[in-house]
Each structure stands twice: as C-alpha cells, then as structure tokens.
Amino acid sequence: DAGVIQSPRHEVTEMGQEVTLRCKPISGHNSLFWYRQTMMRGLELLIYFNNNVPIDDSGMPEDRFSAKMPNASFSTLKIQPSEPRDSAVYFCASSSNEEQPQHFGDGTRLSIL
Amino acid sequence: SQKIEQNSEALNIQEGKTATLTCNYTNYSPAYLQWYRQDPGRGPVFLLLIRENEKEKRKERLKVTFDTTLKQSLFHITASQPADSATYLCALTSGGSYIPTFGRGTSLIVHP
Chain A
1 DAGVIQSPRH EVTEMGQEVT LRCKPISGHN SLFWYRQTMM RGLELLIYFN NNVPIDDSGM
61 PEDRFSAKMP NASFSTLKIQ PSEPRDSAVY FCASSSNEEQ PQHFGDGTRL SIL
Chain B
1 SQKIEQNSEA LNIQEGKTAT LTCNYTNYSP AYLQWYRQDP GRGPVFLLLI RENEKEKRKE
61 RLKVTFDTTL KQSLFHITAS QPADSATYLC ALTSGGSYIP TFGRGTSLIV HP
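These protein sequences, in sequence, are chains A and B. Going letter by letter, the first sequence gives residues 1 to 113 in the working numbering. Going letter by letter, the second sequence gives residues 1 to 112 in the working numbering.
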C-alpha cells in the first residue's frame, strides 16, 4: 500500500505565479478530498470528489483556485494567480467511500513570496 | 454557528500516565466522530471512529468516549510513551453529510 502520494513536497514561488499541486489517491478509493492547513484556521476542506466528480467545492476560497480529477488515480489543485495569503500546507486525502476514514498524504508546503 | 473546540494548550504528561484529550462541540448533530494523530511534517493518520449510538470504543492503549448529551468526546491513551507525542485532531461528521469538520488539535508531549 503506497498510500496517498502528493507532489511536490515543498513549493516556493513568487506571487502572481501559477501553482499546481498533484495528488495520487490510494488505488481503489473513490472519494478524494483537498484540504488546507494553517496555524490560524486549522484544517479546512477545500473540495471533495466522489467517483471523479466534484461534489462540494464550497470551501474553495475564490476563483483563483481550481481542482480537477481527470481519472481515478490523479487530481490537481491549481492556484492562479498565487498570493502570499495562499501560503499553507495543502493536503490530499482519499477514502474507499464517503463514510470511511480518510487516508492523508504528507502534504505540500506552499510558500508564496 | 457550529464549533469544535480542542484545548489549544499542549498537554504535558509523564511517561506511563494516562493522557486524556477533550473535544467539545456546539450546534452539531454528529453521526460520528473520529480521532486522528498528526506528526510534524506529516498528514493526519486515522486512529478511531465512534458513532453517535456508541458510548465507548477501544483499540489497544486507546479509548474514546462519546457523550452526545454533554456534546463531548474524550480520548485516552493509557500507559503513555514518548512515541505518543503528537498533535491529536478530532473530526465530526453530521448526519446526512460525508464531510468531516476538524478541530484544530491538541499537542500531547509525553516526557520520559
């Protein structure tokens, strides 16, 4: 079991640049979640997919954020243009179905200068 | 508004003692509650899930209680070890929803 794989582990870029975060869920899991974690706000859900379809994106902060899941083994979270306030750790998690506990990746630590 | 509260102050205990962490909530009707462990630089790891109709759940040295009247869950680690040092997050899922809402976690430090 390889677990949820996220890349990159760290990203440092200048404001205004496009940032793409990647996630490979556990094989056979059909629910995928993107979270953002900061000291101030804790762990916040951004969007979740079920069977590759976005079900709830109410946590996406604004139009600068977008997420896709083109197939069952890959998802991306894109920020364009990035701003310093987007600096946080972004986690991807997957579960075998919506009611099961989630398996988290080790996150992408994003710093926007 | 819905709120989940975990003690923001770190809990310091001596090795071998029982650690007890608290998760309080308001304005929720949780279907179930989960506890996760998070180590620095890592993602949260699932530990235990307890449903609204269950009072207590155990797994090895871990025990979770769930009191829907008090709107509180307690998480116990017996015979604590320095390796138990981490941040522990509780997460509530309301009936009819599949999305857990996480508390901000409590840091546990077990001293040898």
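Hints are computed from structural coordinates only; laboratory data are not their basis. A hint or two may mislead.
Stated by the list, open to error - Simulated restraints, written as ranges between beta carbons of each label pair: (1) B:E54 / A:E83: 37 to 47 Å; (2) B:L74 / A:S111: 33 to 43 Å; (3) A:R41 / B:E9: 10 to 20 Å; (4) B:T68 / A:G59: 18 to 28 Å; (5) A:E98 / B:N53: 44 to 54 Å; (6) A:R64 / B:T20: 37 to 47 Å; (7) B:I99 / A:M39: 32 to 42 Å; (8) B:G96 / A:R41: 19 to 29 Å; (9) A:Q17 / B:I109: 30 to 40 Å; (10) A:G59 / B:H111: 16 to 26 Å; (11) B:H76 / A:G3: 26 to 36 Å.
Remember, predicted model here, so these are calculated numbers, not experimental data. The beta carbon of each residue, even a glycine, is placed where N, CA and C say it ideally should be.
Check: Given a hinted range of 37 to 47 Å, is it respected by the beta-carbon distance of E54 (chain B) and E83 (chain A)?
Finding: holds (44 Å)
Next item on the list: Confirm or reject the claim that Q17 (chain A) and I109 (chain B) have a C-beta distance inside 30 to 40 Å.
Entry: Given range 30 to 40 Å: holds, Cβ gap about 38 Å.
Notebook entry, point to check: Okay, R41 (chain A) versus E9 (chain B) on CB: inside 10 to 20 Å?
Noted result: holds (18 Å)
Notebook entry, point to check: Has the hinted range 32 to 42 Å been met by the Cβ atoms of I99 (chain B) and M39 (chain A)?
Noted result: violated (22 Å)
Check: Regarding R64 (chain A) and T20 (chain B), is the given constraint of 37 to 47 Å on their beta-carbon distance met?
Finding: holds (42 Å)
Margin query: Does the beta carbon distance between T68 (chain B) and G59 (chain A) stay inside 18 to 28 Å, or does it fall outside?
Written below: holds (26 Å)
Checklist line | Satisfaction of the hinted span 16 to 26 Å by the C-beta atoms belonging to G59 (chain A) and H111 (chain B) | finding: violated (38 Å)
Note to self: Is 19 to 29 Å respected by the C-beta to C-beta distance linking G96 (chain B) and R41 (chain A)?
What the structure shows: holds (25 Å)
Margin query: Between the beta carbons of L74 (chain B) and S111 (chain A), is the distance compatible with 33 to 43 Å?
Written below: holds (37 Å)
Next item on the list: For H76 (chain B) and G3 (chain A), compare the CB-CB distance with the range 26 to 36 Å and indicate the outcome.
Entry: For G3 (chain A) against H76 (chain B), whose Cβ atoms are near 27 Å apart, the range 26 to 36 Å holds.
Notebook entry, point to check: Taking the CB of E98 (chain A) and the CB of N53 (chain B), does the distance hold inside 44 to 54 Å?
Noted result: violated (20 Å)
Consistency with the previously given hints fails for numbers 5, 7 and 10, ordered from lowest to highest.
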